[in-house]
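Keeping the supplied structure of chain L fixed, place chain Z upon it in accordance with the hints.
Line order of the protein sequences matches chains L and Z.
According to UniProt numbering, the first sequence is numbered sequentially starting from 1.
According to UniProt numbering, the second sequence is numbered sequentially starting from 1.
These aren't lab readings, by the way, just hints derived from the structure by calculation.
On a predicted model such as this, the values are computed, not experimentally measured, just so you know.
Even glycine gets a Cβ: it sits at the ideal position worked out from N, Cα and C.
A couple of the hints might just be wrong.
[What the hints assert, rightly or not] Reference listing, derived: stretches of chain Z covered by chain L, where coverage requires no fewer than 3 residues with Cβ under 8 Å from a Cβ of chain L:
| hint | segment |
| --- | --- |
| 1 | 47-54 |
| 2 | 78-86 |
| 3 | 107-116 |
| 4 | 146-155 |
| 5 | 269-283 |
Now for the letters of each chain:
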Amino acid sequence: MSERTGVIHDIGYRPYTGPREGRWGIVAGLLRHGALSTFGFGRSARSKVLPFGLLVVTLVPAIVFVGIISFVGMDSELLNYAGYQQVTAAFVSLFVAAQAPVLFTRDLRSGAISLYLARPLGPAAFALVRWASLVLAILAFVVTPLVVMFVGGLGAGAEVRDELPRFLVALAGALLLAVLLATVGATAASLTMRRGLAIGGTIVVLIFGLGATAILQEIGREQGVEDAAAWLGLISPFVLVDAVQHGLGDAASSFETPPDNPTTAALMLLIALAAAAAALLLLVRRYRTRGSR
Amino acid sequence: MTVIQTRVLTKRYGGSKVAALDSLSIDVGEGVTGVVGANGAGKSTLIKILLGLLSPTSGDATVLGHDIRTEGEAIRTAVGYMPEHDCLPPDMRAIDFVVHMGRVSGLPPAAARERAADVLRHVGLAEERYRLMGGYSTGMKQRAKLAQALVHDPRLVMLDEPTNGLDPAAREDMLALVRRIGHDFGIPVLVTSHLLGELERISDHVVVLDAGHLLRSEATTAFTADTGHVLVEVLGEDAQSRMGQALAARGVAWQPRGQLLEIDPADAPPDALRDIVRDLAAELGLGLVRIQPQTGRLEDVFREEVPA
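So here's chain L without its partners, still in its complex pose (with noise of 0.2 Å):
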C-alpha cells in the first residue's frame, strides 16, 4: 500500500487585506457588467440570441451597401451614415425596448435591486450608472454598423478624405441616439416589474412615436406649415437626431420637414437634452425612494 502525503488542511475563514477599489473603479466595473449583461453576458446562452440577433439584422443593410460599391463599383454617395438609424430604427428600437429591461426591470423583479443600494455606490450613483451602461450598449449596437459601412467603404476605394467628415457626424447624432434611447428605455423598464409591459411601453414610444411624428410631419407640410412642422422633431428620438445632423451637421434629412436654420436645430438638441436630464432625475429620485423600502 501506498502511503499518504497528502494532507487536507482547513484554513477556516480568511480576512482579506489586500488593496481595494475606490467609488471611480466600482463604476467602471459595473459599467462594464451592466453594458455586457445587455448583450447576453454572464447570463445564460439563451439571453444571447436576441441582442446579437438583432444586431445581425441591423448590420444587413451596412453589409449590402458594401458590397453593392465593391462589387457594382456605385458610387461611395450610397454611404448614407447619418441616415442610416433611420433605416435600422424598427431594429434599434427593439433592442432597447428588450434590452432596458434587463438593467433595470431585472432587478426590480428578483429583489437584487436592494443588494446594489446596499453597496457602496447608494442610489444616485447606481441608478446613473445604470443608465450609463444602457447608453454603452446602444451605441454600440449603432456603431458598429456605422463602422463596417466606413471601414467597408475605404476597402472598395472610397477616400477618407470624403468619408470621414460624414462619418463623424453620424457617430455624433450616434451617441445622441443613444443618450435619449437610453433614457426613453430607462424611464419605461424602471416604472414596471413586468418585463413585458415595459418592452410594450418602449416600443409604443419609439416605434409609434416615430411613425405619428413622420405623419404628422407630412400634412404640417401639405398645410404649408414647415416650421412648426419641424419642432414636432422633439417627439421622435429618430427625428430629433436626424434634423440635430441635418440642422447642424449639414448631413441629408430623411425626413420631410428638417429644421432649415442651425438655431432652430441647436434648440431642439437643447430642449431634448433638458428633457433627458429631467427624466434622469426622476430616475434617481425613483431609486433613492426605492433604497429607503
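Chain Z alone, transformed into the frame defined by chain L:
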C-alpha cells in the same frame, strides 16, 4: 468595542403619528447581537437607517464609528447586508453573482473571484455554485444571500431574518453558520428574527423591540439566568395534581407550567426541597422524571412586559 451606537433614534414615516422607531438608544458590541420583535416592530427600519438608506426623523447613530447621516458610503463599504426578501437574479450562477457583488463592493477582479469561491464554500454551496440560482431551494437561496453579504470581508454583517422560510434542519444549519460568523470568523453580527428561541441560542446580546420601542437590551445570559424556581416532572395517573396537593399540604407554593410543576422554594434550602419532592413522589407512587433549576427564557420578557 462598540460597533453600532444609536441615541434617541426616531423614525416616523410621512406625517404619521406612529413612530416606526421611537427614541431608540442601544449599543451593539462584538459577537452576535439579536434584534427580536414581532413583524412591524421596526427591525428592518433600523437596518435601513443604519445602512444610511433611510434618514431618521431625529436622533443620531454611528456604525463602526461612521455617522449614518453623512458617511453612508463608508458604512456600506464596511458592512455586509442580507435582506429578508428574495434578492437573487434567477438567470445567474451563484459564483458569477457573488463575484459581481464583491466587485460592486470594491474588490479587485482576482480577489473577488477567490473570495467568492471561499465564502460559497463556507456557507456550504461548494458544489452547487455553478448552477443557475433560479433552480435553488429556499435553503440554498438563503446561503447564497449570506455569501454575498460576506464576500467583501465586511467588518460587520446585518442579517435580516436569515432563517425565514427554512425547514427545521436548514434552520439549524443557518443558525450554526450565523454563530460561526460572529465567533469563529470574528465578524460582529446583527441578526433579526421574530422567533425568540432562535436568538436565545446564538446571540451574546439581545435587543427586544416592540412597536418601535426598546423593551430590553441585555446580554443573553441575563435573560436566561437561573430564576430561582425549580421545575419538577412526575409521571403517573393524575400525577401533576396529586403531587401539587401534597406539596400544598406541606406549605410549598407551586404553579403548573405545561406538564411540569414550577415550585417557588421561597426560603427553603434547595436540598430540603429536593428531599421533600423525592419523598412525596415515593409516598404517592409517582415516577420522578426530573428536578431542575428553571432558567429564564426570552419569551418571558414578552410575557411580562408586553400587555396582551
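Evaluation of the provided hints:
Restraint check on the segment 47-54 of chain Z versus chain L: 5 residues with Cβ-Cβ distances below 8 Å, three needed, restraint holds. Remark: the segment 78-86 of chain Z is confirmed as covered by chain L, as 5 of its residues place a Cβ nearer than 8 Å to a Cβ of that chain, reaching the required three. Taking a C-beta to C-beta cut-off of 8 Å, the segment 107-116 of chain Z contributes 5 residues in contact with chain L, enough for the three needed, and the coverage statement holds. Judged by the Cβ-Cβ criterion of 8 Å, the segment 146-155 of chain Z is covered by chain L as claimed, because 3 of its residues qualify and three suffice.
Counting residues of the segment 269-283 of chain Z whose beta carbon lies closer than 8 Å to any beta carbon of chain L gives 0, which falls short of the minimum of three for the stated coverage.
Of the numbered hints given earlier, the model fails hint 5 alone.
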